[in-house]
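Asks: The primary structure of each chain is shown beneath.
There are 2 protein chains.
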Amino acid sequence: MSGNKEFVKEITPQAVDFSRWYLDTIQKADLMDYSPVRGCIVFKPDGYEIWERIQAGLDRRFKETGHRNAYFPMLIPESFFQREKEHVEGFNPELPWVTEAAGEKLEERLAIRPTSETMIGHMYSQWIQSYRDLPVLINQWANVFRWEKRTLPFLRTSEFLWQEGHTAHATEEEARAETLQMLDIYAEFVETEMAVPVIKGQKTPLERFPGAVDTYSIEAMMKDGRALQSGTSHYLGQNFAKGFDIKFLDKDNQLKYVYTTSWGVSTRLIGALIMTHGDDRGLALPPTLAPIQVIMIPVGPPKMREQVMEKFDPLFADLKAAGARVKTDLREETPGWKFNEWEMRGVPLRLELGPRDVQNNQCVLARRDTGEKISVGLDEAVSRVQELLKDIQKNMFEKAVAFRNQHSHLDLETLSDLEKHIAAKQAADEVVGWALLGWCGDNACEAQIKETTKFTARVIPFEAPVQKKVCAVCGKPAQHSVWYARAY
Amino acid sequence: MSGNKEFVKEITPQAVDFSRWYLDTIQKADLMDYSPVRGCIVFKPDGYEIWERIQAGLDRRFKETGHRNAYFPMLIPESFFQREKEHVEGFNPELPWVTEAAGEKLEERLAIRPTSETMIGHMYSQWIQSYRDLPVLINQWANVFRWEKRTLPFLRTSEFLWQEGHTAHATEEEARAETLQMLDIYAEFVETEMAVPVIKGQKTPLERFPGAVDTYSIEAMMKDGRALQSGTSHYLGQNFAKGFDIKFLDKDNQLKYVYTTSWGVSTRLIGALIMTHGDDRGLALPPTLAPIQVIMIPVGPPKMREQVMEKFDPLFADLKAAGARVKTDLREETPGWKFNEWEMRGVPLRLELGPRDVQNNQCVLARRDTGEKISVGLDEAVSRVQELLKDIQKNMFEKAVAFRNQHSHLDLETLSDLEKHIAAKQAADEVVGWALLGWCGDNACEAQIKETTKFTARVIPFEAPVQKKVCAVCGKPAQHSVWYARAY
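Residue numbers (this note's numbering), protein chains in the order written: chain X, 2 to 489; chain C, 2 to 489.
Next up, chain X with everything else stripped away, as it sits in the complex (with noise of 0.2 Å):
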């Protein structure tokens, strides 16, 4: 809300101290504030604003795929997270519980939905009976919570909103494919318009989902070379189903279990946005995301802005009549002040117009992924803009691929690499990046690498770039090549 002139001068860069610099950077560009409640925090409206974008953007995917929204309870009875094993030694140690209302103290606790399979499974029990009533395909847009003891904004928090579908299907060939579009949807997506790249694969054992059969990722590096886990889509087999006792009469009139799915992506994605694409000036966001694509500013001594606006209002209107979401600041500050503070909060192109400018009939567009300007008649001014928003999101994602393959090590093959790699880096204050290493399948060998170095095994990838022969640590043949970082 209140303009602090001094913006841009603290935020920390990047080299100095990655964590600071985000946290910076959230705060300045206003995207967030602390609250009084443990690790919750007031998503502030260009916050929220991103996240509005991004639901919009999967909304249209999730429904032209054929799924429909819907809302189950929050609270979710005790005993429901009894049934399915796994799930509740997962989820039991983060859940937040209800145990009086109305003055009265309830004769079951309700623990607020870390996730909602069980409550959903449960309905879905009462909603599935024969074969026509299937495939089910539900999602929901919903807050959550999970009482995390380290939280950070976005990333991790007690509360965060996100969206998880859950559907139901009569074979295993159909619920898998399920599984498998999802993660495709969330990867297309995330690349489409977010331009953050992401590899897609599955997660270990280890990393699976509390009671999911098979576990899908899509995973994005970001700018200090850490994993970020961005939307993860379970294949969860007959286990919820099980649990919840959701049967249907097939066609051959036999009672059958349901093949259930549940796949999500949250408010973490604004995190990798800011992640992937900020620098030292602050937030960059993509043009087809970006709340403001162009922020229109009028340059040159106030004495001539009368001319200027002659030229200015008209341009407005161009680009909003095209299409842009263009945005004049007039206010009393600087030309470089609002700069500055446009560019820390990420607009992808400013569009400037002086004096001068009129007079030559052009106006200056100045990237805020390159900081190159350019000047160009106003007659092509609108067409301009919109190759620039096309070509700024083209280079935002081409950027990041060379980040993430220039940070992406194929060269180690033992643990002793690996360890001499992160020694290397973190003396030479480099980025460390991710490797790609051999896996026998053994989840010891997975556990000791994360012991030794904190890495953990991210995914293995559908298209591993090289095929490891051997696993990193115990030398065995290996089953998978696997992608190790340090992860959010």
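It is worth saying that the hints were derived from the structure and are not from the lab. Computed from a predicted structure; not experimentally measured. There may be inaccurate statements among the hints.
The list cannot tell twin chains apart, which means a pair is met if one copy fits it or any two copies do.
[What the hints assert, rightly or not] Using 27 Å as the maximum straight-line C-alpha spacing, the simulated BS3-like pairs for lysine-lysine come out as follows:
hint : residue 1 : residue 2
1    : K248      : K29
2    : K304      : K374
3    : K304      : K252
4    : K374      : K224
5    : K374      : K339
6    : K64       : K29
7    : K252      : K339
8    : K395      : K451
9    : K400      : K339
10   : K395      : K224
11   : K29       : K252
12   : K328      : K64
13   : K304      : K224
14   : K106      : K374
15   : K339      : K64
16   : K304      : K477
17   : K455      : K224
18   : K86       : K304
19   : K252      : K451
20   : K312      : K224
21   : K395      : K328
Got chain X sorted already, so can you dock chain C onto it with the hints?
Replies: Just chain C now, with coordinates in the frame of chain X:
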């Protein structure tokens, strides 16, 4: 989900038992289901989609008037409720409390929000420093809890969905203007898109929001003659500003408390929609808000189906291209069964096409609102559908206005008149409706009407159809003409 072919027959007629009719209708039309948590319902896809359309219509109007969305923590520290005396008294009896989280007892209990004036007041006190920070115009879409003793789906549930706008202003005048602006937006939306006529006005002190200086509401008459409060807008004065220390440095260099407002509508609007338009055949949805506007059903003998589909498919494509929300029903059930099913689900327009229609190059359009069947040429089908949808929207609103006027009683002068009126209507098994009565301004008189008749003061209308001269209870000069009714 599952297809019970006996749906329609099972709906209790409105005249037999309106409550039963309501519960039958919402379950048979698959809008909701009960959940295992007391007073909490599941919003099933067909019910939730109505809410999504309500959200879209309102959200657009909020943004057009300069409001932005944000999201605040759901859990509110107990101490926050103590800061506004009336507020805590009003909501304390209904709160669910989180007392444990992650295996530990919390030091301070956290309430699940019943509304967010306190949390948002606290944040505003951090954000607002100067007159330059004002106005703050923020809205939140969220779930809220009020642990109700007696619940009714959509109308009164322990958890419900709503929006709550919270604004802060430098002057009383501006805050009052905002309060009334939002009431107007609610009324315009509800009348235009939901085709539900409303009375705008002010609440009496006994019916005010806990903590408000003035509460305004829109009230709608349901088909059983009861009133449903469908939206409220509160002028909060400086009550919350003082409770939460929200001060700003004004242009005159004085530190002043802000003036705040709050305003909300909830998923009870779904109930308003159903009970305004529904009839013994089930739901009836106004075209503007209906998820499906036109249901297309092929008729005639199956062996002629192929011939019919040659015209059916292009007509579907044309309607879709013209922007109509159209769906086809090609299932194997009989046309008669399908007609009933889609009438019960409230689809405004049915399009039938059979072999004879194809021969005559026409189709049949059947209106849900009037039951009228109209033959129209295939060439003009698209434009006629569009005209009819507009006409249905208009007609549904007018029918609802006529119903309300018919059951709005202006000729009752005393409490005794009202008692006789109620007794007579009940004896004749007729709708009791509303009564406009004079009120001296004394809470005791209002309370006596409630005690004697269960009628409550719904609203002091901005535009009373007649001005009452004396208080219906004490006979003193009337300060106001007040709509009294049984309320949901």
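Asks: Determine for every hint whether it applies to the structure shown.
Replies: Each hint tested on the structure:
no.	hint	in the structure
1	K248 / K29	between (52 Å within a copy, 22 Å between copies)
2	K304 / K374	within (25 Å within a copy, 69 Å between copies)
3	K304 / K252	between (81 Å within a copy, 26 Å between copies)
4	K374 / K224	within (25 Å within a copy, 65 Å between copies)
5	K374 / K339	within (16 Å within a copy, 63 Å between copies)
6	K64 / K29	between (36 Å within a copy, 24 Å between copies)
7	K252 / K339	between (67 Å within a copy, 23 Å between copies)
8	K395 / K451	neither (35 Å within a copy, 66 Å between copies)
9	K400 / K339	within (26 Å within a copy, 55 Å between copies)
10	K395 / K224	within (18 Å within a copy, 57 Å between copies)
11	K29 / K252	between (60 Å within a copy, 25 Å between copies)
12	K328 / K64	between (31 Å within a copy, 15 Å between copies)
13	K304 / K224	neither (44 Å within a copy, 65 Å between copies)
14	K106 / K374	neither (65 Å within a copy, 58 Å between copies)
15	K339 / K64	between (40 Å within a copy, 25 Å between copies)
16	K304 / K477	neither (77 Å within a copy, 67 Å between copies)
17	K455 / K224	within (18 Å within a copy, 65 Å between copies)
18	K86 / K304	neither (74 Å within a copy, 54 Å between copies)
19	K252 / K451	neither (48 Å within a copy, 59 Å between copies)
20	K312 / K224	neither (40 Å within a copy, 58 Å between copies)
21	K395 / K328	within (23 Å within a copy, 38 Å between copies)
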